[in-house]
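Since chain G is already given, all that's left is putting chains Z, H and W with the ligands on it; use the hints.
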Amino acid sequence: MEPTVSTPVKAPLAGVVPAARANGTTPTLFEKSRAGRRAYRLPAWEGHDTRPEELLPAHLVRQGSIGLPEVGEPQLVRHFIELSVKNHHIDKAFYPLGSCTMKYNPKINEDVARLDAFRGMHPLQDDEDSQGVLEVLWQLREALQEVTGMEEVCLLPAAGAHGEYLAMKMIRRHFIATGHPERDLVIIPDSAHGTNPASVRMAGMRTVQLASGADGLLDVEKLKALLDDRVAAIMITNPTTVGLFEARIVEVNALVHAAGAFVYMDGANMNALVGVARPGDMGFDIMHLNLHKTFSTPHGGGGPGAGPIGVRGVLRRYIPGPRIERDAGGRFCWGPAPDGAVGSIHSYWGNFGILLRALTYVKSNGSDGLRRIAENAVLNANYLRAKLRHAYDVKYERPCMHEVVLRGTGFRKFGVKTLDVAKRLMDYGIHPPTIYFPLIVEDALMIEPTECETLETLDQFVDAMLEIRREMEENPEVILQAPHTTIVRRLDEGLAARNLELTWGGETRS
Amino acid sequence: MEPTVSTPVKAPLAGVVPAARANGTTPTLFEKSRAGRRAYRLPAWEGHDTRPEELLPAHLVRQGSIGLPEVGEPQLVRHFIELSVKNHHIDKAFYPLGSCTMKYNPKINEDVARLDAFRGMHPLQDDEDSQGVLEVLWQLREALQEVTGMEEVCLLPAAGAHGEYLAMKMIRRHFIATGHPERDLVIIPDSAHGTNPASVRMAGMRTVQLASGADGLLDVEKLKALLDDRVAAIMITNPTTVGLFEARIVEVNALVHAAGAFVYMDGANMNALVGVARPGDMGFDIMHLNLHKTFSTPHGGGGPGAGPIGVRGVLRRYIPGPRIERDAGGRFCWGPAPDGAVGSIHSYWGNFGILLRALTYVKSNGSDGLRRIAENAVLNANYLRAKLRHAYDVKYERPCMHEVVLRGTGFRKFGVKTLDVAKRLMDYGIHPPTIYFPLIVEDALMIEPTECETLETLDQFVDAMLEIRREMEENPEVILQAPHTTIVRRLDEGLAARNLELTWGGETRS
Amino acid sequence: MPYVQHTAEDQQEMLRAIGVRRIEDLFESIPESIRLREPLGIARGRSEYEVMRDMAALGARNRPAGALTSFLGAGVYDGVIPSVVGAILSRSEFYTAYTPYQPEVSQGTLQTIFEFQTMVARLMGMDLANASMYDGATALAECSMLMTDGAKDRRVVVPAALHPRYRAVLETYAADVDLEIVPVPCAPDGRIDIAAMTAACQGGGVLVVQQPNFFGIVEDVVEIRRALDTVPAANRPELVACVEPVSLGMLVPPGAYGAAIAVGEGQSLGLPPMFGGPYVGLVACAKAHVRKIPGRLVGATVDVDGRRGYVLTLQTREQHIRREKATSNICTNQALLALAVTVYLSSLGESGFRELSHMCLVNAHRLATAIGRLPGYALRFPAPFFREFVVRCPRPARAIIEAAKAEGVVAGLAVAARFPGCFPDVDERDLLVAVTEKRTAAELDAFASLLGRLGGR
Amino acid sequence: MPYVQHTAEDQQEMLRAIGVRRIEDLFESIPESIRLREPLGIARGRSEYEVMRDMAALGARNRPAGALTSFLGAGVYDGVIPSVVGAILSRSEFYTAYTPYQPEVSQGTLQTIFEFQTMVARLMGMDLANASMYDGATALAECSMLMTDGAKDRRVVVPAALHPRYRAVLETYAADVDLEIVPVPCAPDGRIDIAAMTAACQGGGVLVVQQPNFFGIVEDVVEIRRALDTVPAANRPELVACVEPVSLGMLVPPGAYGAAIAVGEGQSLGLPPMFGGPYVGLVACAKAHVRKIPGRLVGATVDVDGRRGYVLTLQTREQHIRREKATSNICTNQALLALAVTVYLSSLGESGFRELSHMCLVNAHRLATAIGRLPGYALRFPAPFFREFVVRCPRPARAIIEAAKAEGVVAGLAVAARFPGCFPDVDERDLLVAVTEKRTAAELDAFASLLGRLGGR
Ligand SMILES: Cc1ncc(COP(=O)(O)O)c(C=O)c1O
Ligand SMILES: Cc1ncc(COP(=O)(O)O)c(C=O)c1O
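Residue numbers (my numbering), protein chains in the order written: chain G, 1 to 510; chain Z, 1001 to 1510; chain H, 2001 to 2457; chain W, 3001 to 3457.
Source of the hints: derived by calculation from the structure; they are not laboratory data.
All figures in this text were calculated on a predicted structure; none of them were measured in a lab.
Note that CB positions come from ideal geometry on N, CA and C, so glycine has one too.
Treat the hints with care, since some could be wrong.
[What the hints assert, rightly or not] One side only, chain W facing chain G, incomplete, derived with CB under 10 Å:
hint: 1; residue: Pro-3031
hint: 2; residue: Gly-3073
hint: 3; residue: Pro-3082
hint: 4; residue: Arg-3091
hint: 5; residue: Thr-3096
hint: 6; residue: Phe-3114
hint: 7; residue: Glu-3223
hint: 8; residue: Asn-3235
hint: 9; residue: Gly-3277
hint: 10; residue: Tyr-3310
hint: 11; residue: Ile-3321
hint: 12; residue: His-3358
hint: 13; residue: Lys-3405
hint: 14; residue: Arg-3418
hint: 15; residue: Cys-3422
hint: 16; residue: Phe-3423
[To be verified] Here are the simulated BS3-like cross-link-like pairs (lysine-lysine), alpha carbons at most 27 Å apart as the crow flies:
hint: 17; chain 1: Z; residue 1: Lys-1222; chain 2: H; residue 2: Lys-2438
hint: 18; chain 1: G; residue 1: Lys-417; chain 2: G; residue 2: Lys-395
hint: 19; chain 1: H; residue 1: Lys-2292; chain 2: H; residue 2: Lys-2325
hint: 20; chain 1: Z; residue 1: Lys-1224; chain 2: H; residue 2: Lys-2325
Here chain G stands alone, though its shape is the one from the complex (with noise of 0.2 Å):
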């Protein structure tokens, strides 16, 4: 009994939609604020009569407001949830965000974040109160191992970046104490994330780029002319930001050794590969995990996730401590890095909330469950790469891992430039791919599935690619206009950069 829509053919009536509303901006909290409203109440107290000049140098005491809002609690919780519900996100719809791994995060982990029995515990606290938050990092640094095949896993990063800023540390230090300074040139392909140049950078050593050969894999030769005795380190994103393995990644890594180098790996592509192929076993020394992609931990509307690096060889007495240690007894405690270790880069002991809901990831997944996660990511990109590249243009011919890159170049003669195809997925209820990365695919869109989407997402994905192909010949203006559904449209980024309006400008309403 499905009813067809029947559009009342009626002159459009005025005023249909009340000008208040019309508008569907919502204002700032400080618009919102009145003098004297409160929604959180403390603890009461004795003293408020003690002047904090009483206790504090009068000159060192704040006066004036600060200009926080002053709401109450009813009127706040409205605020937040009329602005939540402006976003799209993963537990909406399809979310194929290239190279972000944009899958389900399992409810179940939100759960075991919220037990007191970890969001109580101090860091600083004594290892005989600490064992469970311990043995939790233990149990996740042996399970990252084995997924990686590395020697050692050190969980402080607090995401890929923090990760591999970390490792170009250790192998800058490394160099450094084996008497090698010049050694400070890490080879990082083009097509690799703005995070690998920077992080090195940051690591106090230079970069060179290496272009990719036009398989879209790494260009052995040109590999082989760059490497010199000034090489740290080469870093190689496997499976590659197009989506493709690096068939030849042992020769490579062997190449790289030869030449007294390190071979760095970013992780951010292990859905591909959890269960079915380890860095370690192909030769990598040094690499990151993003845990708020390959294992689940939510991406919080930008963070914050965590990115732990394993480690092989060599380079195990650079990870910074304190490492944890068991004793016969199986007591966890704490224990000193060796000596010449980098020393930290977090506070304490790095994202644990997010730690805490990796291990639970892993814990549900088991060995069987990991597997499944590479086998239908996979299944699910190449899916959507045999169902679109008829319509669109596809660069690499042979299957793909877990994302399939489109090229732009396909539809430029229709007047349609990629971030329109981008804009016109949200009218179909899609959030766009991932576009103009990397940089090495012209107008790339780059579509990564994930294992969690069903048979009729992908198909409705499919559809809707298609029906956009069908507009761009039929009715481009409605692409190049596009998004005509969202609550904004074509926001003018020049502007922002221009005004520079970083903060709300107007004094709190107070």
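Same frame as chain G, now just chains Z, H and W with the ligands:
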């Protein structure tokens, strides 16, 4: 820097909203079901191969499929989240549904209700293991006795109507036990809520309607005429459902007592009186409260609530057991009810999780906070009354209590019905007030703002009502065809009753 | 106060617009004599932090069975609750909305109720189901009242092994109204005495059959139907089945044995025990009785543009329209718990729900067999059972329970001690044991050996 | 597996569309030699119920300070967390979205970041703030690196009483790059030795001032500014203030004493201690330095229809565009924790936040005074403090801590034991005590008398 909205004057583009999303409806989970899919995984167990027929008589073992949907967890979450955002709710915007007291539901109450220390308690555990839950019930009972001025509160009823029913059973039991079974008539004011007469009939008694006076209050003369030796009780809602206090209540109660009958108070409108006046002091014998109204426990899409009753005097002995007692040592235990008490009306001890939230609310407000609730609920209602009484027809000229009732007669001349005004308010992002209740006000519009709304929200509601009033004259069609901005518009209730499609008819696609 | 957001200025502005000087003036219609002049005799309000500490301290005085290895059932089961249930129920969109009176802005709640009605109806093997009742006991009581409404002499035939709390509520609803409860004894094996039942069923009204019954025993509902059909149609009572929903994964549903109405308690479908509530009463029935059953109903329809949508329907049965002629006085029901059941059944799905039921059946029989081998122990009733059974212990059940508690085990229910005088065939040695999907094989074996140890002394 | 939703049929249909027989075939580009043939050496997957039991069992092996009466601070504070924070953070709309690259479908996240930037800037008394850093320590380290970027000899003048964990991270970021850390000793009263500081500040670069410092002492930032301004402009280092945000309710903000950049740790603004993270690094600066600071920035703008909206801006500073010339490599940051801070500060509001700061100040001084009167006890440093202070005990701090733990009290931090060799003026008798708004008057008095009792033995 509030930008003006300039709607581009261009010919509307065709096909702007993709067909797939134009419909806006969400298929049921049964239509999304795919055989073989499943979200939840059960703990490991042995004996999968033991056929049910080995442990049960074969003819009693279920054959064939049940027809439950088969979906994965990510799809299930997206389904319910997609449905959830179709709802209006208190944390979204103003919800002035008269007589329902749609006040803010504090988040601390939800945190307390999530504690495993309460969730894990089985109702039949020994008293010694139940000291915490028993004390919760004890403390709430004490507090509600103080709020109502009644001698003893029974926390058993699962909602207001359930409390009305228990009270009527207790009154019925009293008259039978004292040899007056013929006293089986209950006087019901014509402004009373439908649950009142329905509860009386379920308790095996008869009802007679008492017409309200022109002032919207009890007509004392008409009451006297009805009071005879067949009358068991009168059910009085105070403040009445037209939002006015029964000024002659003490006199009325005395009259009823003199006639040998009991006075029951429907306490649904206690939000106007809490901390200001107490039913016990007005001479009421027995009453109910609605914790999901006055005490902020969440309405849950229609429930659960709780309708504890307060009892004074001779009726106390009919309160169902078991009752909580505290021994000299402060230990709590269940004790029996006196013989002849009315039996239990709930499988266990009432909606404990709701009672738990109500106690948390009482502690947060305290005596000072509870009084401020009534003060500001009445202030807000009178403010709306003052702002709307010129544009709309307010039936009663005196200040109101916690709700104000408008009459639809005022705008009949524009061909606009109360239902149309309600539908138009949706376009302003506001949940319509209660309509066509109480029955004694023609085409009623019952507005209850509660104490939790800001002045700005009240002003926005006034602006919307005044704007709609203007539209009645300038553009009535926009009201008659409202709502325009909702996902469905004016559903065919007649078709629903004729088709009676109460379950998804199709096969679950397996 | 955090929830009242007015500043003093706001209040002044509003008093000016109303035309009164003080808020107190707005209460003038309340006679002086009954206006409170002192604050209520309740402590003053406190901060979130202080209130949470109080409530957590109250919680700490409990020893929840949920935190122990629990075999305590008797109608409330310590079942698994998928994380998605709490994730969906904690959305403001669901828990802060009210009854969907205005369909255009309540399609979320209305469609979840429509899906709930579909799942309950299919579970029960019936045509349709309502939106929820307070709990299983009131669902049974109200439906029994309604099915006998208007009959000359209103009779409800009730088996002896009906859950005592359900019997108490039914007796309360029947008291002081002309509704007669006709008890039917158990046969020696703990099942309904079908001959006595048939004899009692000659006067119309309703026959209540609880499946499984309070002892966990599976009644022979096919035999009961057969016996009932021997009664002349004019006098034949309608069958009201009162079922434990998880058993419906294994047992023939009420629709298969001619029940006019099927009721049940939905607590075992994803709700925490929470010391007795809020739970959710399930009501399903054949199409013929749709206008008789209590509670709200949601139906599908289309809007002016032909779009599919859902609305409350057949409201003419309900109190806000039919007032004293309504089928029930129910207004606020257990909607949010019905949503929890809907999410729970969707999460388990067809295969998961059947596996859950199968798992409980197999594990319960594994435990029963192990206990049956212990010296001094025996199954009290030889009849088939689903996941609950009565054990005749060598010592009073209370003693066994006390001793087991010391080892973190809640052994079950001492039926005679907890419900004195309700069951003639049960004495102080009888322990009602329930097995849910939480109990691991190790816990089952450990419990059997614990009973063995406790039996000896 | 619950999170992979494909049935076998789905997979077959997809393999057919791709044109391969088995999923294994899709991995052909991976050389045989490195393809795993055995499952990973990790236990097989388990159900939610079993995993939750495992994790809860791990939790039960902790003895969280949060459940005790805790005076342990040292940069991580046991503060109150309004219930609204969890209510908002648990919405899928916020926690399952990612960086708002596509503004039309991310206005919720973008506007909350804009409001976060406004609140942090106003708190710090600065022009603007970024969207968040990993934590306070990396915020300090990265900003110190950036402010000295391109300078001939990069110098960071660092006071002795800087938090040792912050110092460790700063030293790590400075190691193996040409960044020199110039230590400045404390004066006897525990504050910066301003003369030594001025001497060390003659070579440009950056001067770090932590307010309050690790001992809880309030530095005389006005005096520091004055001393700094005596240095010739060409050599004068930029001032980087590293603040504890709650102190900003009482103390003059960094903007008032000429800080170029203000950094801090946002944990004390509504985040649980959670064994060290995730926390949120705060960065605010004067308009002049906007292009230097690391991290994301959100700016206001309008859309094609003139509607106000928000977008990521100045992305040219960031790694995904400037690659090796970016101001920082940060991509994923601590966005959800920034949202928690935004909800926390809105919930307390202007008056609530200042009262919180005032309350901690007063309670800390009440406790310090009481301890000061105890025989054998004394405040180690006579300087003014905010809500944390060092107590010179009559016995080793470790012993005091052990004994207090037995009575459910976490007495504080044994500085010398926990950070050996970091602080010359501190020895094993010194106990760092922090007072948060959770500590009631009764707990403060009980703690003082407990110390009195423990001091005696
Ligand atoms: C290929 C690749 N490498 C590195 C990163 C940086 O990881 P993070 O954002 O966790 O710092 C990303 C993140 O998007 C990425 O996609
Ligand atoms: C005046 C009045 N009385 C009684 C009731 C019945 O209360 P409940 O819905 O809790 O059964 C209501 C509910 O809306 C009401 O408004």
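Structure-based check of all given hints:
At a threshold of 10 Å, the smallest CB-CB gap from Pro-3031/W to chain G is about 6 Å, leaving the interface hint in force. The interface hint given for Gly-3073/W holds, since its Cβ lies 9 Å from the closest Cβ of chain G, which is under the 10 Å cut-off. Taking 10 Å as the C-beta cut-off, the interface hint given for Pro-3082/W holds, the closest approach to chain G being about 5 Å. Taking 10 Å as the C-beta contact cut-off toward chain G, the hint placing Arg-3091/W at the interface holds, the least distance being around 5 Å.
Nearest Cβ of chain G to the Cβ of Thr-3096/W: about 4 Å, under the 10 Å cut. The hint holds. For Phe-3114/W, the interface hint holds, since its Cβ comes within 10 Å of a Cβ in chain G; the closest pair sits about 7 Å apart. For the restraint placing Glu-3223/W at the interface with chain G, the shortest Cβ-Cβ distance is roughly 9 Å, inside the 10 Å limit, so the hint holds. The beta carbon of Asn-3235/W comes no nearer than 25 Å to any beta carbon in chain G, farther than 10 Å, and the hint placing it at the interface is violated.
The beta carbon of Gly-3277/W comes within 4 Å of a beta carbon in chain G, closer than 10 Å, and the hint placing it at the interface holds. Nearest Cβ of chain G to the Cβ of Tyr-3310/W: about 8 Å, under the 10 Å cut. The hint holds. Interface hint status for Ile-3321/W: upheld, as the beta-carbon distance to the closest one in chain G is roughly 7 Å, under 10 Å. Using the Cβ-Cβ criterion of 10 Å, the hint placing His-3358/W at the interface with chain G is satisfied: the shortest such distance is roughly 6 Å.
Here the hint on Lys-3405/W is kept, as its CB sits about 8 Å from the closest CB of chain G, short of 10 Å. Given hint, Arg-3418/W at the interface with chain G, holds; its Cβ is 6 Å from that chain's nearest Cβ, closer than 10 Å. The interface hint given for Cys-3422/W is violated, since its Cβ lies 13 Å from the closest Cβ of chain G, which is over the 10 Å cut-off. With a cut of 10 Å, the hint placing Phe-3423/W at the interface with chain G is violated, because the nearest CB-to-CB distance is about 15 Å.
Annotation: proposed proximity of Lys-1222/Z to Lys-2438/H is violated, straight-line Cα distance about 63 Å (limit 27 Å). A C-alpha spacing of about 17 Å is found between Lys-417/G and Lys-395/G, which places the hinted pair at or below 27 Å, so the restraint holds. Proximity of Lys-2292/H to Lys-2325/H is assessed by CA-CA distance (about 11 Å); at most 27 Å being required, the pair is judged to hold. A hinted pair counts as satisfied when its Cα atoms are at most 27 Å apart, and Lys-1224/Z with Lys-2325/H qualifies at roughly 26 Å.
Comparing the model with each earlier hint shows violations of hints 8, 15, 16 and 17; every other hint is respected.
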